[in-house]
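Enquirer: Just so you know, the protein sequences line up as chains A and B, in that order. Using the working numbering, you'd call the opening residue of the first sequence number 1 and step up by one each time. Using the working numbering, you'd call the opening residue of the second sequence number 1001 and step up by one each time.
It is possible that part of the hints are untrue.
Said to hold, decoys possible - Below, a list of computed lysine to any residue pairs in the SDA-like style, where the Cα atoms sit at most 25 Å apart:
(1) B:Lys1445 with A:Ser174
(2) B:Lys1445 with A:Phe599
(3) A:Lys611 with B:Thr1431
(4) B:Lys1445 with B:Ala1463
(5) B:Lys1418 with A:Gly192
(6) A:Lys177 with B:Lys1372
(7) B:Lys1445 with A:Tyr171
(8) B:Lys1445 with A:Leu201
(9) B:Lys1457 with B:Lys1468
(10) B:Lys1446 with A:Ser174
(11) B:Lys1372 with A:Gly33
(12) B:Lys1498 with B:Leu1013
(13) A:Lys177 with B:Gln1362
(14) B:Lys1032 with B:Leu1013
(15) B:Lys1418 with A:Leu201
(16) A:Lys38 with B:Lys1468
(17) A:Lys177 with B:Gly1367
(18) B:Lys1446 with A:Phe599
(19) A:Lys172 with B:Thr1376
(20) B:Lys1372 with A:Ser174
(21) B:Lys1455 with A:Ser174
(22) B:Lys1455 with B:Glu1505
(23) B:Lys1457 with A:Glu121
(24) A:Lys611 with A:Asp596
Stated by the list, open to error - Computed Cβ-Cβ distance ranges for the label pairs, DEER-style:
(25) B:Leu1017 with A:Ile665: 43 to 51 Å
(26) A:Tyr598 with B:Gly1458: 34 to 42 Å
(27) B:Ala1050 with A:Gln75: 25 to 33 Å
Calculated from the structure, these hints are not laboratory results. Glycine included, every Cβ here is placed at the ideal spot set by N, Cα and C.
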Amino acid sequence: MLPLDPSQLKWFVEHAGFIVAAPFLAGFLIIMGLRASKTMSMITSVSAVVYGLFHSIAIFQALVTKAYPEPFFQQNIDWFSSQAFTLSVGVLVDNLASLMLIVVTAVSLLVQIYTHGYMREDPGYSRFYAYLSLFTGSMLGLVVSTNLFQMYGFWELVGVCSYFLIGFWWYKESAAKACMKAFVVNRVGDFGFLIGILLFLMATKDFYQGGVLLGFVGSNGTDLASVIHKAAEANAITAGSLFVIACLIFMGPMAKSAQFPLHVWLPDAMEGPTPISALIHAATMVAAGIYLVARAYPIWLTPDGQMGPALTVVATVGAITAFMAATIAMSQNDIKRVLAWSTCSQLGYMFVGLGVGAFTGGIFHLFNHAFFKAMLFLCSGAVIHGLHGEQDIRNMGGLRKSMPITHFCFLIGTMAIAGFPLFSGFFSKDEIISGAMVNHPFIGWLMLITAGMTAFYMFRLYFLTFTGTYRGNAHPHESPAAMTWPLLVLSIPSMLTGYLGFNFANLQAALAGEHSEHGLPNHFASFVFGPSGPHFEGVNLTLMGTSIAIAVFGFAMAYLMYLTRTVHIARGFAEARSGVRQMLYNMSLNKWYMDDIYFGLVDRVFLPLFKRAWTLIDMVFVEGIVNGVGLLFVSAAEVLKYLQTGRGQSYALVIFLAVAGLAWIAYIFPIR
Amino acid sequence: MSEPQHLLSILLLVPLLGCLAIACSPEGMARKMAIGFGSALFAVSAWLVAQFDLSRASEYQFVERLSWFKHPFPVEYFVGADGLSLSMVALTGFVTLMAILASTSIGNNRPRLYYSMLMLLTFSVLGVFISMDLLQFFIVYELELVPMYFLIAIWGGPRRSYAALKFLIYTFFGGVLMLASLVYMYSQMNASATFDMVKLASLTPLLPRDIQIMSCLGFFLAFIIKLPSFPFHTWLPDAHVEAPTPISMLLAGLLLKMGSYGLVRICLGFFPYFFIDYGPQIMALGAFNIVWAAAACLVQQDMKRIIALSSVSHMGFVLLGVASLSSGALNGAIFQMVSHGVISALLFFLVGAVYERTHTRQLAEIGGGLAKQMPTLFYFWMLGCMANLGLPGLSGFVAEVTIFYGAFTSPMAEWISKGGMVQGWIYLACTGVILTAGYMLWLLKKLFYGEELPKWKGHLHDATTTEKIVAYTLSFSILALGVYPAVLTRYYQPISDKMAAEAKEHIEIGFDTNQQQDPEKQVH
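This is chain B alone, in the form it adopts within the complex (with noise of 0.2 Å):
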């Protein structure tokens, strides 16, 4: 079977092409344009999907390659994609056309500029997750901060601009981080210096310790502030909360994702010596996120800022499972960015719809009763709620259960001599179990079980067809996950097989040296 020839840039062609015709387009036209430019890419990744070769998986396919210019350094448009880029090039695919049909509330504000500014965000969410080249993953990952800082501070709501800045602020810092790492690490490399990630991936790991560890620790907190992570995630529920409804959508679903991969790509794929030193550490604030978070969803009054908090939480997760460097833990690790991309679009996406009709977020002033004149939509609402705490059947049961096995049978929880924190660390992210069942039941509670309040009386409506659409859509995809979880991991799992035993064997040199440092260890 001979590969189809520029798929990968047929789909960066369609989100671009769709920001410059929906700019030059009426604004009459936009939403339509919008939709349509959403479906062709859907329909692109999903041939990209059709197209992708199974058997070599691990392998990137699709493979475009243009050089620009080579000195001093080399610049060039280089894309491809494997299972893991794939599985999150279906995702972008999936959840822009949600979030495209999920715009209806920006109406006459804008629109034209609103879709073109969306495409624009696709295209560079795109371009991150097939990037082959580490310059151009570095100028992609920055690019989606100026749709993105537009979006929130133009159709945000009232605190907008301060909720944007700091979002810019936050993630510029990031950046700025990782082009230090970068430039740090293509400076160590001496001759053999270089952007291709494909070389990079087995060049890297040879580089000396300490080398790795520094190099890593800029493209580490890069990562973790877009994650987000303890402590860096305060941007993260304002950011939300003051943005419009489908760009919630988005930046939970899509822009975390960009930090989970390049955690997976990156950090763990380049140095694996960083994940040996410091694994425990970083699975101990995986942990800490999934507990830290969903506490403070507890005492959270603001339902937007809960299902935020929650994202916290359950990248958490993905923490968690990426330092365990067990395969089944990654793997589960990577099923968590696709399932936290759906339901978390799911459940912003009710929360919007909710907002819509009751114009407040306060729990306080909802005051609960909406079951009776939203029927479906609390049906959705439940579906989401269990999705998100982790219901067997559902999308996110796979990823939790799974990061748990993993990491308790991995290589960090056997350590001998750290295994036991390890584990203890494992009990801890266990109680987010409890927690995220405490906040998102107290959640529905609030809004929609007891007696209505005597204000929203024939006020309020069901589910509009649109927003049934875009609500069975997202709830098929979390069932369908849910029940056989094989339709995804079979085109990610021998690139979490692969990266777990390549760590592995750095491994068995880590801790061999570990141990020799620590003399008194050896005599027990």
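With the rest of the complex left out, here is chain A (with noise of 0.2 Å):
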């Protein structure tokens, strides 16, 4: 806790827009001249984001400890203005708004560290800077907006940056064809998203009196809920529409939070270097999806306020990623695709999580997915480096001897992610888990499922990298400080963070045999929802008990088959060349077909047809009826020749003859 009385603490709350300008300007600045000095940029980086922590862990003290006595802090200006509408960019503050403002600056501070150990030696060191500030300052702007509009527009924002940094080695064909691929799967997604808002505007926009248009908050129902309730008594939207409208937006955190069948570009995103999958493809930007359905909740209820079909569309949206790009990552041969693929399968859990209604459980495994996923992430990034560049997995192996510091973060992580006990991911999980039993009992036994391919493809990442005996060309050694330290910084959270959501009266209530669905509330779900909040999740033990079961069985089996290596299931999948495994196999390696679909469809069928169609189309209607009009006259200029050289004046009469004929002849017959 900052040493700061009330009076400050409101200060800073009221002065939030700091946080999202400190690095946009950073990142001029870098752009504009500093980039010619490697340390001025890191320092004017770094400091920005060491600012802004500063100024969020303010902001959220003030929230905390009610110096800020208001449930959130609002400030908008005019951005653009007429008659028909004006829209605001503005500034919101509040507890969920806090808590995202910390995990970006943090994860960002110490992303930003480790980037300095990392990106070195790299020519572009000043320029990934500039990226990373850039990114930065266009995440925390998403996280303060106040309404739909300006949420797209930094939405759009931290997608760029993403394609600049995904696209930061410019020379390697991969990342071209990598960061174009992300930035148009995103526009897909924002199409809807954009037609989405598209709709919700027009039927919502009488009802804003005294707010901001398509506002998240507001004062005298101006709020989400309040303008859909509103507009529903206006009979301008209706449970049908509004299910349509949800399904459109979603159609943006779809792409964003790479969600099936948006999904493609994720795993292509790692052709960044690696902090960047990190920063933006772990820990903010992906999660960005899940903060908008956050953020804007009553869009996806029904009119009344009730969950309805548009949630569920959300759930098995979820569902399906996490289950999905799970059975992808237990084939996948790249330490950072496996770790791709498990970001996408985690997004999943969060949104089944919003979807059942367990809402507080997808925030928090947000908030425990974005420190330990970020520290997987630099852990592999780590590895790369100490390989020298080496990402197969099947090349390294007892990498637990050279590299300690790694190995234990990465160990942590796995942990974490997998589901252990007493590990953060542990309590954000079962909270899902145990809110999709409620309300879907067939997507939570999928999680569950899910739950231990994790532990499974987790601990198989593991034992092949850390365990074993070397099997690489390279000499592997220890990542220098400024990398190690923010892995250790990072698994300070990973171990702790997940107390936030659990009260003990809870477990101690069930361990005396009491049952009850809706427990007492937890810290993180009273800070983020308030007391009266949707949803609390007791604690369920027998759930409980199968969810660890079901991960230590996805232990056990990766560690038989990757560590002791008795037994030889995998490699029967592997080495199967005909049936039902082969076929499992080659689905799970292909990642699904989805890629060779999609590309198939646009570079075999869509594209070849458009451009034959354009080719006749253009070539022969327009050009040949447009020049045939010509011709006439060409014709017309031909008999005229014997009066007239000039190609230029004949036409020129000619045209100007006939439509002073028409002019003439409409003037004599006026239309009545």
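Using the hints, put the two standalone chains together into the complex.
Expert: Printed below as a string of structure tokens:
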């Protein structure tokens, strides 16, 4: 806790815009000149985010200690005004936003420190810091957005930063392809998002009097829930149209948070430098989709505020993604891609949480996941760095000895993501699964199975990388301090944050045999949603036991297959040459053939067809008709050739005469 | 505060004097003098902006009027500027200066004639934006053909005479149509006949519906040829591909804006019924332009052609915004004129910069990897492409998003009988968001990403100082407009609000009569 008195804390809340402005300013300064000096670029970028972290903690403290007594702080400026509507841009700080601010600034800070070690030799070092700063600014802007329009704006900005950073090594053909794919797939999502906003705007534009157009929160009934309610009363919106709007807007989160079927860009995004994978493609940007759904939650409810079909869509998409990504992760051999697919899968969990009403569980998992997944990615970066660019886990092994700190952190991260008891992932995942069991038992069971697979593939990764004997040709070495310290710092929240979302009184009650679905609130949930928030989970001992058992089973399978190598199921799958096993293995290895389907459709079917159609239509019809008219005049001019010699004049004269004639006819016969 | 006198005449005199002075000066001096006159022009337009009274933004200011003769019809010199004209004048001053600075490649190829023509072009463009007399408007609108024809036909690429002639014929065709409409309108107004655009704006909306539509048709066709819009757009790619870089900057940055300016000022301002009766169809045309041209970009191999067709796509937004009759979308459409003027100037400039180094515009021959030897140009390209595909924070986004928002909440989209169709066209236009991202990024990838071809090793160089000045200036304006659009919108917002409000009055009448003609619809 910072030694500040309440009035100072209040000042911090009311000037939250500075958090956003600082990294933008830093990025701008680096681009405009500081990039000449590597040290200056680094210092500018890091100090902006250090300031941001400090400011975010102050805001958090102000909200926790009630030094800022209101539930939220909001300030807007008119960005575009006209008689029809006014679009605003502003700053919104409430409990949810303050948590996200801390996550973003903290992870960004650690990643930026790590970058100093990781990118030291790269000629684009300063440029990298500029992009990092711009990204951090955009992400923070997204977090404090006051309305859907502003959110859409920053949504695109984080997307473009992601594009720059994936394509950071522009000379790599694969990176060039990956960055373009990421941006275009995201644009497909944004297309739905945009149309969703348009429909929503059309339905609700008359109900924001006194508030912000498309605003999330507001006083006097201008918050999203009340606006939807008012619109429903005035018949401007119905349950059906709200469902359509919710599904369209959800296309945005589906693309940004890499959900089926728009997930295809995320694994390829691993072409970017590893710090980026940690910051953007694991901890922050991909979580923007979850944040949007949480922020604009009333859109996914029915007009009268009940859980409806839109949430089922969210949960289903999340469940499919979680399951699919886990099956794919089991057979991948690139250390970063395994992590990428696991990110996909974990984001699916978060959507399941939001979709089944375990609302705090989804946010809580986002919070925990940000730390442990960032750490896992940074560990993988340390491994790649230590092995001079090697990413294939088949050429690793035994790194425990040469990279002890990385090994320790990776192990912590693996345990956290696999849902081992007492690590952070356990608590949030458990909350999501128990929520799903109540509303959608099938999804709940699917998530339990996925949890087992998660434990399996994560430990497979761990065993292949860090245990056994080294199988490659490089000389592994531990990373410099700038890289190991951020790892160690991140390992602390990975171990401890789980307890924030857990009330031991509930566990005691469960152990004492009191069975209740709605237990006492925990710290995390009551902070994010207040003591009367949407949903609190009690402790279900049976479920907890089952999920522990399944996670342990996954761990045991990985242990037997990849450490002791006494069970050969995996090899059996990989070496099968026919039958179901081969089919399943190929399906997993080839990522369910989604890329092949998309590229096949675009490259083989859509583009060639389109090219032919375009050539035909534009060359034959447009040019043909318009030139045909020209030809008509040319032939007329042929007649006049003996009088006129210049081609230009003859065209002009004929046109002029024709039109003058038409005008004359129109003048004689006016239309009445 | 007393209004300074003759400011607009000074504004017109600068390029006119420049044209004559450069023509009489030695060849070696031409470029320096052109930069001098260009700067003077920019300074005068800045002065004009500074003197502009924002509280009366919707009225004509700095008005000057000289009557020549009155019979059989009045001919006069009549200029004035309201917020809309002012925005366009500022754009003209700015882009012209940039184009003059970018004219280094002209070198010793008859610079005197070139710069003198350029000044004449500027004169006529300025004349279009500040004319308050319709006849005078028509004359300067047509005058622009002369310098443009020669600029393409003398300094253009290999197929320059074809392109110049095609440009001339298309535009001339439009001009004649406009003249026909002008005469028709004048004759239909009987006793109150006038060319005074202020009076016309209040008189012509009172004309009978059919006459309005007939009169507007010629103007409309002339302007959408200039805009250009499908199916009259084919002159544009040819003209751009053949024109030298600075001329492309002017062509896309300013000349296309004459079409959109006319569309707002004359078609919408004088003949609201045209938009009420055919608004949905015009919106459909706009949406179709956006998608069609963007789709066409996906199959081009010539980088300049891609940028040229993307202009067609982006001017489709103007059509969509203007025809929706919503103040928000109209505001966005005017913003798009300025924004596209700057963005396309930057993009054509960058195309020229790459072409000067590689001497080819074919993407396959360039083969990618240029970022290695041209990092600075690469960043400018990135910014230009991002602005073109509507990245928030850059000016393209403001226009796109406000046009979409405005069009979707416009009276057209909420019109009971045709609203569904209008919404459908807006959905179609929204797919342009994906297509634009697709072709712009594909272009960027083909030029800069990947390994560079062996033939370029050591043969290319990065941006020169002049290039950096031009690119930085254009980029900063794009950024400034995008971050805080109110710097521009406050100049013309009262006008777009007023126009939308006036159109709305007519809509109430117009939609009613439509429904009376359609008794079955009323039963439902």
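Enquirer: Compare the structure with each hint and give your call.
Expert: Hints and how they fare:
1. B:Lys1445 with A:Ser174: 11 Å, holds
2. B:Lys1445 with A:Phe599: 17 Å, holds
3. A:Lys611 with B:Thr1431: Since the Cα atoms of Lys611 (chain A) and Thr1431 (chain B) sit roughly 18 Å apart, the hinted pair holds (cutoff 25 Å).
4. B:Lys1445 with B:Ala1463: 19 Å, holds
5. B:Lys1418 with A:Gly192: 23 Å, holds
6. A:Lys177 with B:Lys1372: 17 Å, holds
7. B:Lys1445 with A:Tyr171: OK: Lys1445 (chain B) and Tyr171 (chain A) at ~10 Å, within 25 Å.
8. B:Lys1445 with A:Leu201: 36 Å, violated
9. B:Lys1457 with B:Lys1468: The given pair, whose Cα atoms are some 23 Å apart, holds under the 25 Å limit.
10. B:Lys1446 with A:Ser174: 13 Å, holds
11. B:Lys1372 with A:Gly33: Holds: Lys1372 (chain B) and Gly33 (chain A) sit about 20 Å apart, inside 25 Å.
12. B:Lys1498 with B:Leu1013: Distance ~32 Å between Lys1498 (chain B) and Leu1013 (chain B) Cα, so the pair is violated.
13. A:Lys177 with B:Gln1362: Distance ~20 Å between Lys177 (chain A) and Gln1362 (chain B) Cα, so the pair holds.
14. B:Lys1032 with B:Leu1013: 19 Å, holds
15. B:Lys1418 with A:Leu201: 19 Å, holds
16. A:Lys38 with B:Lys1468: The given pair, whose Cα atoms are some 23 Å apart, holds under the 25 Å limit.
17. A:Lys177 with B:Gly1367: Distance of about 15 Å is within 25 Å: holds.
18. B:Lys1446 with A:Phe599: Given pair Lys1446 (chain B), Phe599 (chain A) holds - Cα atoms ~18 Å apart, limit 25 Å.
19. A:Lys172 with B:Thr1376: With a Cα-Cα distance of about 19 Å, the restraint between Lys172 (chain A) and Thr1376 (chain B) holds, given a limit of 25 Å.
20. B:Lys1372 with A:Ser174: 17 Å, holds
21. B:Lys1455 with A:Ser174: 22 Å, holds
22. B:Lys1455 with B:Glu1505: 64 Å, violated
23. B:Lys1457 with A:Glu121: 24 Å, holds
24. A:Lys611 with A:Asp596: 21 Å, holds
25. B:Leu1017 with A:Ile665: 43 to 51 Å: 44 Å, holds
26. A:Tyr598 with B:Gly1458: 34 to 42 Å: 39 Å, holds
27. B:Ala1050 with A:Gln75: 25 to 33 Å: 31 Å, holds
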